[in-house]
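Each chain is listed here by its residues.
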Amino acid sequence: MSEPFEPKIVAFVCTYCTYAGADLAGTSRLKYPSNVRIVRLPCTGRISPMFILKALQKGADGVLVSGCHPGDCHFDHGNYHARRRWTVFNSLLQFAGVPEERVRFSWISAAEGRKFAELISEITEDIRRIGPFEQYHALIAETGSPAPL
Amino acid sequence: MSLQEHYRSQARELLAAGAVKMVVGYAEGTTPERRRPVFITEPEECSRLVLDARCRTNLAGYLLREGLLSDGREIAVYLSTEGVRTINILAAESQLSSAQVRILGFEIDRDEVKAMEGKRAADFSEAILAHKERRKKQAPDELAAKLEAMNAAERFTFWQGEFSRCIKCYACRQACPMCWCRRCVVDNNQPQWVNTSSHTLGNLEWNLVRAFHLAGRCVECGNCGRACPVDIPLHLLNRKMTGEVLEAFDHYPGMDEHQEPALASFRKDDPETFIL
Amino acid sequence: MATLLYLESLSDCFASWRKEGLTVLAPVGEGALSGFREVERAEEANFDLLITRTTLKELFFPRTEPMLGYRIGKREIETEEFMPPVEGRIIFGARACDSAAMAIDDALFDWDYHDEYWFRRRESSVVFTIACREPDEFCMCTSLGLSPDSAKGSDVLLRPLEAGNGWQVEPVTDRGHKALSSIEQHLREGSGATAAPAEVPVKFDLEACRSWLANKENFESPFWREISERCIGCGSCTYLCPTCHCFDIQDEGDTYQGIRRKNWDSCSFQLFTMHTSGHNPRATQGARWRQRIMHKFNYYGGKFDVDSCTGCGRCTRECPVDMGVTETLQTIAAKQKQSERT
Amino acid sequence: MARIGVFVCHCGENIAGRVDCSKVVLALENHPGVSVATEYKYFCSDPGQEAIKKAVREENLTGVIVAACSPRMHEATFRKACAAAGLNPYLCEIANIREQCSWVHENPDEATRKAIEITRSLVEKVKRNSELHPIEVPVTKRALVIGGGIAGIQAALDIANAGGEVVLVEREASLGGHMAQLSETFPTLDCSQCIMTPRMVEASQHPNIRLLTYSEVEKVEGFIGNFRVRVRLKARYVDPAACTGCGDCMQKCPQKKIPSEFDCGLGKRTAISTPFAQAVPNKPVIDSRYCTYFKNGKCKVCEKVCQTNAINFEMEDEFLDLEIGAIVVATGFQVQDTALYGEYGYGRYADVVTGLQFERLASASGPTAGKVQRPSDGAEPKTVVFIQCAGSRDPAKGVPYCSKICCMYTAKHAMLYAHKNHEAESRIFYMDIRAAGKGYDEFTRRAAEEDNAGYIRGRVSKLWEENGRLVVRGADTLLGRPVEVQADMVVLATAMVPQPDARELAKKLGIGCDDYGFFSEAHMKLRPVETATAGIFLAGACQSPKDIPDSVAQASAAASKVLSLFSRERLEREPVIARNNEATCSGCWGCVLACPFNAIEKKDLTDRSGNVLRRVASVNAGLCQGCGTCVTFCRSNSIDLAGFSEKQLFAEVMGL
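Residue numbers (my numbering), protein chains in the order written: chain A, 1 to 149; chain B, 150 to 425; chain C, 426 to 767; chain D, 768 to 1423.
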């Protein structure tokens, strides 16, 4: 029997809100699937669309980008800039055929540990359901890069 | 007098009076169908200038040739509305001063070439506004509509096929008047964000990044599509982005030379329906 | 009496070759989408096409070629060399200009080192060249001392029959002979009239060009700047050129593994000669265009006794700003003639 | 070659109970570039930290990863430990395998696998970390206070009394601001001038305060501790050093009919004048807009009468460049232009006045010497109608916010009026009574209960003149019926709005404004006094509508922020800041626009003879807060963020 599919999910989050929210999920001992790997950034303003593409290149089946709610940005308006970039890049990705479920965006505050845990569970479940991102994996395979040792 | 003649004599006068040091326009090409960019500096050469419906290239990018404008002198350029919008963006992004650009404006309507009145980019604001209104109502072209109707997997397959042809010649970038970076992101190898190899992954990354960098800046002049030797429908990506910024931020690139770039500005009530 | 191959039996020929384990490639598609791709049946090919957009060279010198895979461990790095598989290929329906380009590049790839990647593919491929009947306005093989029915670089030359229903077959190399023997049963002996090869006008005097380029005084001529003023420095002409062969070696990878690749590069790019210091010996587009012309019509000949151009005309045909080798050489030839007169 | 140390913490059972730490150690030992990987029960304990220090020294580590709790918990601890062992603290990173791993995942195998992957990717990041050093900037211990109202005076005095130098800039000819215009102040009804004037005098005579009246801030450059400010000293045409303030010139000035700004147009002044009798400094200026000499080239009466030769018609604006360490913005507010309410008849009927005008009528130093008289005929009104929220809380025509002080001052007006005129009757149209504040609710109640203020809950729809009186029609929403009141005078509680040039000043200072034009604080709750630009603080109504006690409190708070800044010789700032690669920057200024802190400046690149080659972005280390918004904007990848650099993040993501 083959093992059930466990997606690889990468989350890019700002340190002041979503990272702190994830910490709160931890201190509250909320449970969520272990598929997510978090990359911490100072602000959503620092999250480049390139990160998303590189995560996909590293075989991610899903990506989450998350930061402070509008108005709560530690840097006053980094997240407003980020929101515009996301709007544009999200639309571009979908137009290029990256399914909506694969790249998600959210606002999660430092107080929303529960939202973080629930969202990770939901995203993981969604991606388990739609399966591995085979079309992208095929592109990676085409590059001929060898498997790691 | 035809517009061609009219602009020829204007060009001649401008050069003769020393008002401009160069006229960037169109000349006959290798074949009767072809027009080519030409750089005229002597009044007597102005008879080479051609203007008709085959003059499609957006010439604005030539103004950014290193050192061309650094003496502060003016240059006259044949520009369509897209070209004027390009000047506005280049001025807004501090790549040139619009006061140095004397415009010979024209518009191509099917097979007709028509004059557009004005000398400076700022004189064309009404025409640009009309373009914006028209753009808002413009329906997606056939291929775009077909793509929108597809599901994600089909769209991915479509683009995979298109991008697999990309030979990474970067003609799209070179032809684009907005691609003026001293160093393109793809040429930065520390780190190498964009795979330079011409495999489909690298091609996809390159084309997505270029579309992203043009979001809110592309004037849809078509230079990239005409330059692409393998006819990748690049315009679809750029048009999608233009539509997106227009709808989401009411941003139409190149309205005037003070317009803030869509991605370096924001409104607190920007839409965010996709954010969880 | 001559050997004839009729179009109607071409699919059978393809089948015979395929049965032997050979891959058959032929020109397919239209316009910008055209190129050489694997086919099973004759109908898939587009022999009406004057010339494919992308060239034959891609089949021997791919846009991106894996050379080496590596995997990084704690104390050791494992490497694995990649070599193209030696699988036989029939390339059916090349044009004389593209095939000749292969022969021209052979010299380069066997110069200071023997390029295995190139020659493995060369030696395992059989090129069937079809002589052209109709040129277009950009064709200029005759200006380069070639012709629409040149057999240079080909293994088999095919001359179209007047009736358009097949070709007269002329083996050129042993590889050609061998490939033909596999389809012997589909070949006919006969005397069908062949179409006259295309008449391609000579567009410039190559000798005059060579002389002008060889004159060191012309290296700094303002002509280079003038002729390339509108050049936007896109690599189209080089990437679509059947003889251009510059490449760059790139490592793609991360901590754990990676791959070293040979990727096409172009002398039109600003970055091509950019030094780490920021200094660029070919700082202007004029200098880059001069390099391209000098390389093709001066340096290459000096080294290998042949010019690096076959007159396919793609550079001019596809240039987004209507430049190309043709106009440049025409102007150069005229300059030389004028200087000879004075 | 990288020599990375990986320290996997058990955190007692917190991590080790779920994550197989030995497996993590084993996996990381085999990771390229890792020199040492160990585990321990509590790395944050003294022996734990000692173990890290020992490894740093003995293994000569180039980077440290502590796989433990959240970096928000102990990053500082471990970085300090590294620093103590001689490793630059910014070469230490934390892999969060507790909050984001062992505590949230139940399956030990999965948690272990995740812990390994998290740690590995951070090893990849830390390999690319570079040594960073805190940015030190000197502090100029001189504060600039902009605005000489009560907030500005308070801030200046607090700073000066603590020994700080202050430059107090006021654009009018006298200190005082709006508070000087008020009659009595709520909730104690003490005379505004009586409590204000001594403060004004104190500020003007304080040895640590340099007072620049009739002056405006022209340009601000630099950053916290190191601002360069240019102040325009407007031409007064009177030499303040020579002038004794005798007032002869004002007596003799032929231009006597100029509406006094201080009296809100209710009184008159001369062309050479002080704003009010108690002005500080009490030295007049010539208003060239009205002066006969300036208009006709003849007159100079003032010059003739001046005994000290203080008049100088040749005077021009001067500029003063100042080195400043901190800035307090206390530029106050304006009263909304009430003309937008046609239905209230302001400007049409002379006896419809604003609250501020009523203050002047009620003030002992006012045009009527404190006697409330109708502007139209000077008669004493019997019935006065007050209309609250005449502009406030009205998104349709006025401003959506509450101006906060109107309920109180209207109650005060009604009381003052009742005290001055025992026959008087006052009717107050209101939406709600907002009287939160010490002694405030009691105060409004007193107005209604003791001083006969008749409160009507409802809005006024129309106002017109009939037989020399004003008729006010409105709705009494409590009774649910329309009301009409015959009034002799109507007082509008107009909204407080930002100064008309607030946005301009914000741009000069590089601070933000809200949608209305009030200056933005760095954080509404936790940093209400700071702006997003380090070293610039807010006080008073320039930030939002405020009453006097709030303004004074905020002014003192701003002063304390300034003083805590001045308590240090040098400032140390986190070195997580952006840097620009000038070789590749094209100078498009997208980063300048995107930066929330105005930290990016334009810099000229010149050749050896000083000719400008091109302009590039340059990050001001003093202002940059390290968000990285500019980095993401920069298409050419020219700007980068130390500590979260492109190389580091590329490696971290590619290491996943």
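Warning: the hint list may mix true and false statements.
[To be verified] In silico BS3-like pairs for lysine-lysine, Cα to Cα no more than 27 Å straight-line:
no., chain 1, residue 1, chain 2, residue 2
1, D, K1274, D, K1205
2, D, K1275, C, K499
3, C, K499, A, K58
4, D, K1274, D, K1370
5, B, K417, D, K1414
6, D, K1414, A, K8
7, A, K31, D, K1370
8, C, K762, A, K8
9, C, K628, C, K499
10, D, K1274, C, K499
[Stated by the list, open to error] Quick list of simulated restraints, FRET-style, between CB atoms:
no., chain 1, residue 1, chain 2, residue 2, range
11, D, N1378, B, A165, 23 to 33 Å
12, D, K1414, B, A165, 49 to 59 Å
13, D, K1414, A, T27, 31 to 41 Å
14, C, G498, B, K295, 41 to 51 Å
15, B, K295, D, R770, 33 to 43 Å
16, B, R259, C, S646, 20 to 30 Å
[To be verified] In silico contact screen, one side only, chain D against chain B (beta carbon under 7 Å); selected entries:
no., residue
17, S971
18, R1141
19, G1354
20, F1400
Hints listed in this document are in silico derivations from the structure and should not be mistaken for laboratory results.
A quick note: this is a predicted structure, and the numbers were derived from the prediction, not measured.
Backbone N, C-alpha and C fix where the C-beta goes; we use that ideal spot for every residue, glycine too.
Each hint tested on the structure:
no., hint, in the structure
1, K1274/D to K1205/D, "violated, 36 Å"
2, K1275/D to K499/C, "violated, 56 Å"
3, K499/C to K58/A, "holds, 20 Å"
4, K1274/D to K1370/D, "holds, 19 Å"
5, K417/B to K1414/D, "violated, 32 Å"
6, K1414/D to K8/A, "holds, 23 Å"
7, K31/A to K1370/D, "violated, 51 Å"
8, K762/C to K8/A, "violated, 69 Å"
9, K628/C to K499/C, "violated, 62 Å"
10, K1274/D to K499/C, "violated, 55 Å"
11, N1378/D to A165/B: 23 to 33 Å, "holds, 31 Å"
12, K1414/D to A165/B: 49 to 59 Å, "holds, 55 Å"
13, K1414/D to T27/A: 31 to 41 Å, "holds, 32 Å"
14, G498/C to K295/B: 41 to 51 Å, "holds, 49 Å"
15, K295/B to R770/D: 33 to 43 Å, "violated, 56 Å"
16, R259/B to S646/C: 20 to 30 Å, "violated, 43 Å"
17, S971, "violated, 42 Å"
18, R1141, "violated, 46 Å"
19, G1354, "holds, 6 Å"
20, F1400, "holds, 6 Å"
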